[in-house]
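*Asks:* Sequences are here, hints too, so could you generate the full structure?
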Amino acid sequence: MIELLKKLMLTHGVSGREDKIRELIRAQIEPYCDEITVDPVGNLIAHIKGEGKKIMLGAHMDEIGYFATHITEKGFIKVSPIGGINYLSGAFSSVVSENGVYGVLAPTKTDELPKADSVYIDIGAKSKRQAENKVKVGDFFVHTPSVKRLLGTRYVGRPFDDRVGCLVLIEAIKEIKNPKNDLYFVFTVQEEVGCKGARPATYTVEPDIAIALDVTRTDDKIGSDTLNVKIGDGPTIKIKDASVICSHELVVKMREIAKANNIKYQDEMLSRGGTDTSSMQIARRGTRAGAISIPCGFIHTNNEMIDINDVRGAIKLVKALVREL
Amino acid sequence: MNELTNMLSELCAFPSVSGRERASREGIIALASPYFDEIREDSFGNLLLIKKSARENAPKLMLDAHFDEVGMMVSELHEGGFLSVCAIGGLDTRVLSATEVTIYGKREIYGVVSSVPPHIIGRGSASAPKMNELYIDTGYDLDTLKEIVSVGDVVEFKAGLITLENNRVVSKSLDDKACVCALITTAMLCEADKLTFDLYVTLSAQEETGKNGARLVAYEIEPDIAIITDVNFARDEGVEETDSIEIGKGAGIDISSFTNIPLTRKIMQILDRAKIPYQKICEPSRTSTNNDGVSICGKGVRTALMSIPLSSMHTPSEVVCLDDIISMSRILLEIAYTPIEELL
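For the protein sequence lines, the chains are A and B, in the order given.
Residue numbering for the first sequence follows numbering that gives the first Met the number 0, starting at 0 and increasing by one per position.
Residue numbering for the second sequence follows numbering that gives the first Met the number 0, starting at 0 and increasing by one per position.
There could be a bad hint or two in this list.
[Stated by the list, open to error] With the Cβ distance kept under 7 Å, some of the chain A side facing chain B (calculated, not the full set):
hint, residue
1, Asp-138
2, Val-141
3, His-247
4, Lys-263
5, Gln-265
6, Ile-281
7, Arg-284
8, Gly-285
Keep in mind the hints are simulated off the structure, nothing from the lab.
Ideal Cβ placement from N, Cα and C applies to all residues, glycine included.
*Replies:* Pasting the structure below:
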């Protein structure tokens, strides 16, 4: 499982450019699914047939990053942010382009927090021409991915958001045999730029119940204001975040199923941030929607932190839900 | 007028914080069912009340008012029986301190939002508190409180309806129960053989937290015309004339690029001809009501927007005038009796 997590994290895929990560996920799940399609916006939709309720589970494939917008005379690359970049973490750190060109995200001023228009990427080029040989306008960059183990069951690196959600679904898919319910697993595009992919995916699938798998902020890390969620205390069942109030009936049912299966979970009330749940809830005439989150420290930095036991708990919870909902 | 006050009072008392409107489903069905032919609900929490015209294949007129209200949700339980809460919808936090609230746990309990006495807070520092600085005192010890209240339970203002002079009333939740009341009154008054439309009254969910309910139910209905009703700012001290309508002078009709202009004009002509008074209010682009989503849902819907003037929005003490509710019903009735050809 850790090996697959590493593969998922080291494969680039900025919002709108999820092709490589999509192919990786597709190859992993293809043997276990009855049907796999890619919709026009790029969502990967996998179907495992069953007779009961139509249940959709989703995780987003995309990650935050940058698009190159302009190359200066001196060979520096100006970029535009894709998703919610944390410049405090991003400044002076390593980035890599879709073609494997490394660079440093450098701020133009060092005495204040950098902003989108006061950073550029230095790939070591001596001139515009040299830079243009390596990077074209429109190429994407991400902060260099990594995965490292810390003490015990904790891991640090990027982008756990939301490759860890993809991992949960992939592992669940591998273990589900002849399900009672009719299951759809969607790996969505463009969550980081406004939960865009999940809406057409939900429109297409038209599920009775939709559940997103994503990461959530925690309150045991410096500078966090989230209430009650801790890394290592189990996956969360989301009640609300800034983008959605989850279906109350579904939340109650998810809690019951978690308790009945002795799966440790946390209540999640997130004051900031959103998830695909919001888009799933409002497709067509509306869907009963909820979310399971993996507690994650330092979200959107180069060192996101998770506990692998929370991932194991989430896999168990997903398997219990598709069986018992 | 007494009947109207009673209905409004009952509507406002229903717990209906955004996302948990379903808690009042049975109450609202009992209240409204005598006036409708069919009642449906959907997965999002919207209620759809249908009153059929005596005519076959009548076009569909959707009348929307949102059923949810602003409130709070429990986020943490503390020693000493205190609760932390987060805001659901755009609460006016300036008036939260020392407010009485009802907490909907396993059973209803009461609490008071904490406040710092004026003697201590001193001059010049009375800014609006942040939600994470407020605590609700329930009086319980933590262990007992844990048995009753869970994270995610909703909290509402505890404020019953009071009558003022000149047919004005004060209550929590008049945004948008005043319009809900107007829509039910419209259905109550209308005669099926005069109806040129089938009426689809939608009591929509989650207007205060994303305005999604109405457009989901509109997708289901595919109405020929939709009229969205909501409250708007009353012309109080400190409120610009252009942003407001006057309390007691009748319902407002909104003119906006997000509403259907020909439909809006036709409605005004019909009302002028019938000598039914109304107020006008301009909202150049976004109306920040359910109108904006409904107008672009599905293949697109012809919408008009009507308002009831309301004071002290998103507080426990919202004020409306019953005359404006009656005015809205009268206007809607006139529209529901007009052949669709005259409206398009």
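*Asks:* Look at each hint and say if it fits the structure.
*Replies:* To see whether the hints hold, each was checked on the structure:
The closest approach between the C-beta of A:Asp-138 and any C-beta of chain B is roughly 35 Å, which is over the 7 Å cut-off, so the hint fails. Because the closest C-beta pair between A:Val-141 and chain B is about 31 Å apart, greater than 7 Å, the hint is violated. Given the 7 Å rule on beta carbons, the hint for A:His-247 holds: about 6 Å separates it from the nearest Cβ of chain B. For A:Lys-263, the shortest C-beta to C-beta distance to chain B is roughly 15 Å, which exceeds 7 Å, and the interface hint is violated.
Against a cut-off of 7 Å between C-beta atoms, the interface hint on A:Gln-265 is violated, since the closest Cβ of chain B lies about 9 Å away. This hint holds: A:Ile-281 has a C-beta 5 Å from the nearest C-beta of chain B, less than the 7 Å allowed. For A:Arg-284, the suggested interface contact is upheld, since its CB lies about 4 Å from the closest CB of chain B, less than 7 Å. At a threshold of 7 Å, the smallest CB-CB gap from A:Gly-285 to chain B is about 4 Å, leaving the interface hint in force.
Figure legend: structure checked against the earlier numbered hints; hints not met, in rising order: 1, 2, 4, 5.
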